[in-house]
Structures are given as C-alpha cells and as structure tokens.
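Protein sequence lines correspond, in order, to chains A and B. For what it's worth, my numbering labels the leading residue of the first sequence as 1, then goes sequentially. For what it's worth, my numbering labels the leading residue of the second sequence as 1, then goes sequentially.
Check the hints yourself; a few may be wrong.
[What the hints assert, rightly or not] Derived pair list, reagent style EDC-like, types lysine to aspartate or glutamate, alpha-carbon separation capped at 20 Å: (1) A:Lys-243 - B:Asp-102; (2) A:Lys-243 - B:Asp-53; (3) B:Lys-288 - B:Glu-70; (4) B:Lys-288 - B:Glu-118; (5) A:Lys-243 - B:Asp-523; (6) A:Lys-224 - B:Asp-102; (7) B:Lys-237 - B:Asp-87; (8) A:Lys-224 - B:Asp-87; (9) A:Lys-243 - B:Asp-87.
[Said to hold, decoys possible] Residues from chain A shown here face chain B by an in silico Cβ test under 8 Å; the list is partial: (10) Lys-187; (11) Pro-236; (12) Arg-324.
Hint data in this document are derived by calculation from the structure and do not stem from the laboratory. Built from N, CA and C at the ideal position, the CB exists for glycine as well.
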Amino acid sequence: MLRFVVHRVLHVIPTLLVVTLIAFFIIQLPPGDFLSSQIARMEAAGDSVDPAAVEALRTRYGVDEPFWVQYWKWISNILLHGDFGLSFEYRRPVSDLIMERLPLTILLGVATLLFTWAIALPAGVYSAIRQHSGGDYVISALGFIALAVPNFLAALVLAYIGFKYFGQSVGGLFSPEYANAPWSLAKFGDLLEHLWIPVVIIGLAGTAGIIRTTRANMLDELHKPYVTTARAKGLPEGRIVRKYPLRIALNPFISTVGWNIPSIFDGEVIVATVLALGTTGPLLLSALQSQDMYLAGGIILIVAVLTVIGTLISDVLLAVVDPRVRFGGK
Amino acid sequence: MIRRRRHPRRDVGRELDEAAVTADELASPDAVLDIRGLQTVFRSDEGVVRAVDDIDLVVRRGTTTCVVGESGSGKSATARSIIQVVDVPGQVEAGRILFRPDDSRPAVDMARLDPRGEAIRGIRGREIGLIFQEPMASLSAVHTIGNQISEVLELHTDLPPAEIRDRVIEELRSVGIPRAEERIDAFTFQLSGGMRQRAMIAMALIARPSLLIADEPTTALDVTTQAQILDLLGDLKRERDMTMIFITHDLGVVAEIADDVVVMRHGKVVETGPVDQIFHDPQHDYTKELLASLPQRHSATRAVVTEPETPPTTTVGGSADESVRHTAPDVTPLLSVRDLRMEFDTVSGALFGRKRKEKVVAVNGVSLDVLPGSTVGLVGESGCGKTTLGRSIMRVYQPTAGEIRYRSGDGTVADLATMSEKQLLPYRRAMRMIFQDPYGSLNPRMTVQQVIGEPLRVAGMAQGSELSDRVADMLDRVGLKRAMATRYPHAFSGGERQRIGIARALITGPELVIADEAVSALDVSVRTQILELLAGLQSELGLTYLFVSHDLSVVERICDRVAVMYYGNIVEEGSAAEVFEDPKHGYTRALLSAVPIADPRLRGTRERIVYRPDDVPAADDEAA
C-alpha cells in the first residue's frame, strides 16, 4: 500500500511540471507584453509614467527575456518565495487577492458538494431500485431539467424569488449592513441566509449528472449474480443494496471525488459573477477580461495543481476502498 | 461490524402459520420438497416468457435429485423459484412449493410467503443453501470471503463475532481449503477457481441447511477440479445427512451423483425417474436424444447401482517435461511443428518503480505432426497453452522459437514461424480458424453475407455477384438457407451462429482448419449437429482439423490423434485409441480418471488418479 502511494506521488511530479509550463504559456499567449500595454493605456489617459518604475518592473518580471528565463523567474518566485507576482489591475500581490477570497470560496464549494451528494446519491439509488416506477421518472425528469437550465438563469430566478418573497438583498453573500462588519454570530446567520441560493443552483446541475451515473452503475450491479447470492443467504433487501451493489457502484465516484477539489476552489465562475459572490471565480473572470495575466495565471495554476492533487487523492482512496486495485496487477 | 439480528416479529409467525401445510398433503412422507404446478413467468415489454411452466417435482429426504436440461430449459429458474430469488422481472405466479425441513415439523408452502418478507428470509441460507455456477461472479470481489461467509451466521444465529470467525475457519477447513485461518481474509480474486467454489460451498453449508441447491456448480471448472468438487459435495452430503438438488446440463455428472433425475425442456418436466431408469430405460424421446449425444457408452457390467461412494484415490508422479509418444504413422504430415516456443512478457511494477520483467512460457518447445485429412485433438485444462499453440500455428502470435513447417499442395514445405505478414498471406487462406464463442466472434453490425464474404473480399478473390454466389453456396453447405444472407447475426441461435462461423472459415477453401473450442459453448444436442457437420465437410472437402478442446469426450469421439497438453508441454501424443485406452503419462491418466462416466451402473468403479509432477513440491493450493 505504501509502495502504491509513493509510486503515485512520484507520478505527480512530472505532471505538475508540465502543468506549470502550460499555465505560464497561457499567461504569455496574448500579443505584446502586459507592461507595454499597461504603459500605453496609462499614457493615453494622460498619466505620467515613471521610467524608473517601469524599468524596475521590467527587470522584476524579465519581460524582455526569452520564454524559458521568464518561466524560471516566475516559477522560482512561486516555489522559493511563495510570490505569485503582482496584479496589475489591483496593484496588489496575487496571493493576497486569492487568500482573502479563499475562506468563502471553500465554504461555498464544500456546502455545494455536500448538498449535491446528499441529494444525488439517494435519488440515484432509489431510481435504480425502483426502475421504471413513477418515482424514477420524476427524479429523472427533474434531473434533466436541472441539467438543462443554464446556471445563470436559475441564479437570476432564485435571486428574484429571494428578493421578492424573502426580502433578501440581491447579490453577494452578505446583506449590505454586514458586508464590511466584523465577524459575528449575526453575520454568520446572514451568510447562511444567502448561501442557499448559490448552493442550490450550483448543486442541482451537478446533481443531475451524479443521479444518472449512480442509477446506471446501480442498474449494472443490481442484477449481478453476487446480489442473488446475498439474497439467497436471507439478507433483507435494504442491507443487500447497501452492502454489495452500492459499494461497487460508488467506485466511479470515489475515482472522481478528487476532481471536486479544484471546482471547490474556482467557485463556479459564472454563477458567482451573476450573484456577485466574493469568491475566486469572479476574480478569475475579471483578470481574464482585463488581461491581468499574473492574477489569471496564478489562479489557473492553483486550479491545475489542485486537479492533480485531487486525482492523487482519488487514486489513493480507490485503493483503500477497492481491494482489486490494492492487490491488482500483483 | 455491528451484528444486527432481526428478531422475528409476530407477523412472521403468523405468515408461517398461514403457509403451513400438514404433512399428509405431501406426495410422499419422506419428501423434503414437493413442488406442484409451479409457474415462474418473466413479463416484460418484449413479451411473456414462461421460464417454468407448470412443473411437478418431488425431492426425497437424503437423496440427490439432478435436474438436467439444456440452456433455456428453465432448470435454473426452477432452482431460484424454490426460495423465490428469481431475477426481476421474473415471478412465481402459480403453484405450491411445499418444504419440510425435518420430519417432526409441518411443511411450509413457500410460494405463499412474501418474497421480500422475513419468513422466507429465515429459510434462505438457514434451511436451504444455494451454490451458483460462477464463483467469481457469485461472490463479491470487494469483501473478503470470511466477511461473506460470516454474514450467514450473523444473520441466522446469535453467536458472538469471535465464535463466528472460528466457525467460519472450521467450515473452510472442512471444505478442503488449506491454511483456512489465513484464507478467511482473502478476496475472491486471490483464490483459484476450485478454491472459490469451495468457499461458496462453505457459505451455503455453514448454517447446516437441510436442503442444498447447487446450480451448475462445476460447469465453470476444469474437469479435474470438477471431480474434486463433486467428491467433496458427495462426502459432505453423506456426513451431514443433507438432501441435494443438483442442476446441470452434463449427463456425465448426473450419472456420477444422482439418485433421481428430472429432465427439463422448454420450462416443462419431460421425464422423471431413478437414475438407472433414466439412463437405461428412458421413456421420453428427448431423454433418448440427450443420451444419444453422449460419447459411446461402455456396456454395463453390473446391473446394480452401488451406494455413491468416493472412489479410491491414487497419486501418480512423472515429469511434466516428459513426453510420451505413441507410434506415429508413416505419412508425410501437412503441418509439422518443431520445438515451438511461445513466451509472453509480463511487466509488473509501475512507472518509476522497479520493473520486473517476467517471462510466461505458454508453449514450451512443442513438437506436433498433423497428417493431411486427419483430425488432431489438442486437449488440456485451462491455462495449459492449447489455445496459444493453436494461435501460434495460425501466426496470430510471433513464436519465440521453433519451426512451423507447412506443406503446400505442390509439395513445397515452408516455415511459417519466421515469415513476414506479407509472405504469410497465401497461407492465411489455407489455414482458417473457428472460434469458441458464437456470440462474440461475429460482428453484430455486419450481415451474414458480409461476415462470410469478408475473407474473400479482403483477399481480393471474388467480388460482386461472384462473391454472393460463393457465400450462398457456402450457406447451403453448412446447412443454412440462402435467404439468410441478408440478416444480422443476432437473428440466429447459438448453433446457427456457429454454422456462420464455420462458413466464414471455409469460404477461402482452406486445407487446415483450427477449431478452438468450437463446440464448447453449445448445448449437447446442437453440439452433435455441429460435430456431424464438421465431419461431413471434412470428407467432402478433404479438410484437416486441429481440434482444440478441453472436452475429452468430444475429442475421443471425433479425433484420429490426440495430443495432451500440460503447462505448455505436450505430455502425451498418439492415436485416440492409444491415448484414451492406454494412457501412459501420469497427467493423462489423472485427466481421464476425472471425466465423469456417463453410466450410473459404473459409478464408483473407477479409481481416481491425482497427478503431481515430480519436480513440483506438493502444492497445497491447487492440488488439494
């Protein structure tokens, strides 16, 4: 088992190397460099630009140097000093910008994930056990609707309902009076009041997919001979389903559970933007729009790294849960 | 693990009371099971299938009742109906299933119990144990065997966990699993096929049921393993005073173990009777037909059915590398294989890990002659390398070493082993293959015309109407109708599909046909027809067959010469009569002694031989 984990970790290193290269390549993609376009914009606005400051920035980022040198400066700053560079738009370090939005992003992500699973897994299992029943059709229909309705539209509708019938402020995760207030029990309560809209919206779309996967997996497993064996032992139906087919039907889930880690971090760009949530999603979007490339690159890099780490976690979990993986391949 | 034993509620008692039937309603006082008018029906959108159609069946206490029939006869559905575990959408719709676990109690009509209720769950596993065909699929791969066996006791007894574990180890030991105290924590994929089936038997028997239902428990096993499992079941049944229902398609097995026989066909019982009567005085035509499909039966020497007893066992030695050659006829062979060796590399260890390359020797320096116009049988158990040898000769694989000398019609001899793909092309038409699985080996999206015509089209030998004509001719030859050419394979039965496979093999006018388990997946009656077809085509077209099979009775019936393979070696080779009647190598003798004798009167008369190669220490796992 330890060998397995060590092997897996060793796999991660080259993958991460490639990922950082690609992230940096994306930063470099737009024509020109960010400093020259920034200076041009400032000069056009009539601002004076201090040539010494420009020169300092040029050296700091090595803008005129070849790709590899720039890459090395960027990655070594990140690795050695934890310095993701400076955001042009906000004129603050990228890491500060990300850090201040991180707690809410993670709260939203985890809440969404738990909501999704709490609804999707039982619904999928029920759908499979009572295949072709009324309940199955209702669940499937609702699932497809949730999948087909665009997130942002649902966000607008729910925000409207929240405003019209519950008197909530539209947008954001806080009411205006708490937005800049220090943390208190009341502020937390206010947060929970607002949190349900994005959780339901982001969660429902994911629910549909998971219901279908669970249903299909369960249908495959429910008619396997080992289920008949369990029945022939005299086990009650509920216990049969929980112990045998569900255990195997969950495998595809466990193997993708790690993929949720990056999506927890990037906080659903579009819904978060529509609802004006203070998560990293809108930050990424605005960074991409204004070509604030160190900010965008930093976020993309973190998402990519989390994806790789998430996959690693999934692999290890799968090995823990499924002996065929653990002992497989001898 | 938390033990949760549901204590029966009052309504369980009431349910059982309502389903109770006094003993005098049973067909005979010693009946354990009395089924009357049982109907199990599968209703779906595609229609209604009466899998079990109004059958009557009585099982006497302490006996073994064999239910025989071909696929689709409803024998498995009957077994599952008894404890109401028929797969959806199947349902027991009518009839009585009277079950009387012991003499002192009244019988229960199990058909009246709720299939999901507690009353029937109390009978399943505790009073009636079930063993299934494929132990790998029938056990969960993600739970240890100990976990799965313990569950039966957790469910039906109040024993504390430590005691349950001891009982499970003891049970595993009693079904002949060595090192049971370690094996209890093993997963199914860590055990051999025979061991898995033993674990399954332990699971079915641990609660000491009075009735054991075994649904094709040996069909997925090799013949020597089958013999061990049959012996084990016989011993356990006698020791524990059980009653057994044994479901099988194999009349040889029936002759070995049955007291009473029930012959089923299309969901109905066509004949029942004591085993001796069924084998020696069959009344129904279908029974006679089934018996006729058996290899020629030795004339009965005694007219008494002996008490079933495990025959004496002898262990023989002998080197696995030794090759016994009986006299070879003095004819120039069509195909002459010399020292053929086929190795496969298996790589273990992951990327960045230490890689260990291991060589698996599938074929270990084999020499074999195939004479023109003859049928050579290649027999052995799974994993012995017979299929690999067949495929190496076809040059599906590139042999590691050795020669495959093929003699063409004009007398030139060429070595196929070293040829390039391009040089091989003409030989690909002269050597063709028939595959085992008539379902998997036909592309479901190609019409019969396309399937059969493809080899000709690819070889550029015919096109257009000439191609259609030749396909039509070939359909005639294999006994199919010309009009079938436009249909797709799913419209055909297993036997018809195998005819299509044969037509595809013969369309290029080959000389040598390698049939890899070509009849193994077919029912006995269909098998006979296909074997007759192959024999007819052989004499008509002057074909030479290399017949790869694990089924010794088929090989004995149709082959001129036989080669026996064991772990990559040919251990014995000779004419069919020599090998079958006077086997010299220890393994051949062991193999032959494991084949069931299809005559109940000869039961227990033959010594069981176990082969243990000299150079291998007595392995407890596989040989046990």
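Quick rundown of the hints versus the structure:
The hinted pair formed by Lys-243 of chain A and Asp-102 of chain B fails the criterion: a straight-line CA distance of about 32 Å is larger than 20 Å. Taken as a hint, the Lys-243 of chain A and Asp-53 of chain B pair is broken in the structure, with Cα atoms around 34 Å apart against an allowance of 20 Å. The straight-line distance between the Cα atoms of Lys-288 of chain B and Glu-70 of chain B is roughly 14 Å, inside the 20 Å bound, and the hint therefore holds. Of the pairs offered as hints, the one joining Lys-288 of chain B and Glu-118 of chain B is violated, with about 44 Å between alpha carbons and a cut-off of 20 Å exceeded.
Straight-line distance between C-alpha atoms of Lys-243 of chain A and Asp-523 of chain B comes to about 36 Å, which puts the hinted pair past the 20 Å bound. Under the criterion of a C-alpha separation no larger than 20 Å, the hint pairing Lys-224 of chain A with Asp-102 of chain B is inconsistent with the structure, at around 33 Å. Between Lys-237 of chain B and Asp-87 of chain B the CA atoms are separated by roughly 28 Å; this puts the pair beyond 20 Å, and the hint is violated. This hinted pair checks out: Lys-224 of chain A and Asp-87 of chain B have alpha carbons roughly 10 Å apart, not beyond 20 Å.
A C-alpha spacing of about 19 Å is found between Lys-243 of chain A and Asp-87 of chain B, which places the hinted pair at or below 20 Å, so the restraint holds. Taking 8 Å as the C-beta contact cut-off toward chain B, the hint placing Lys-187 of chain A at the interface is violated, the least distance being around 42 Å. Because the smallest distance between the Cβ of Pro-236 of chain A and any Cβ of chain B comes to about 6 Å, under 8 Å, the interface hint for this residue holds. For Arg-324 of chain A, the interface hint holds, the least distance from its beta-carbon to any beta-carbon of chain B being 6 Å, beneath 8 Å.
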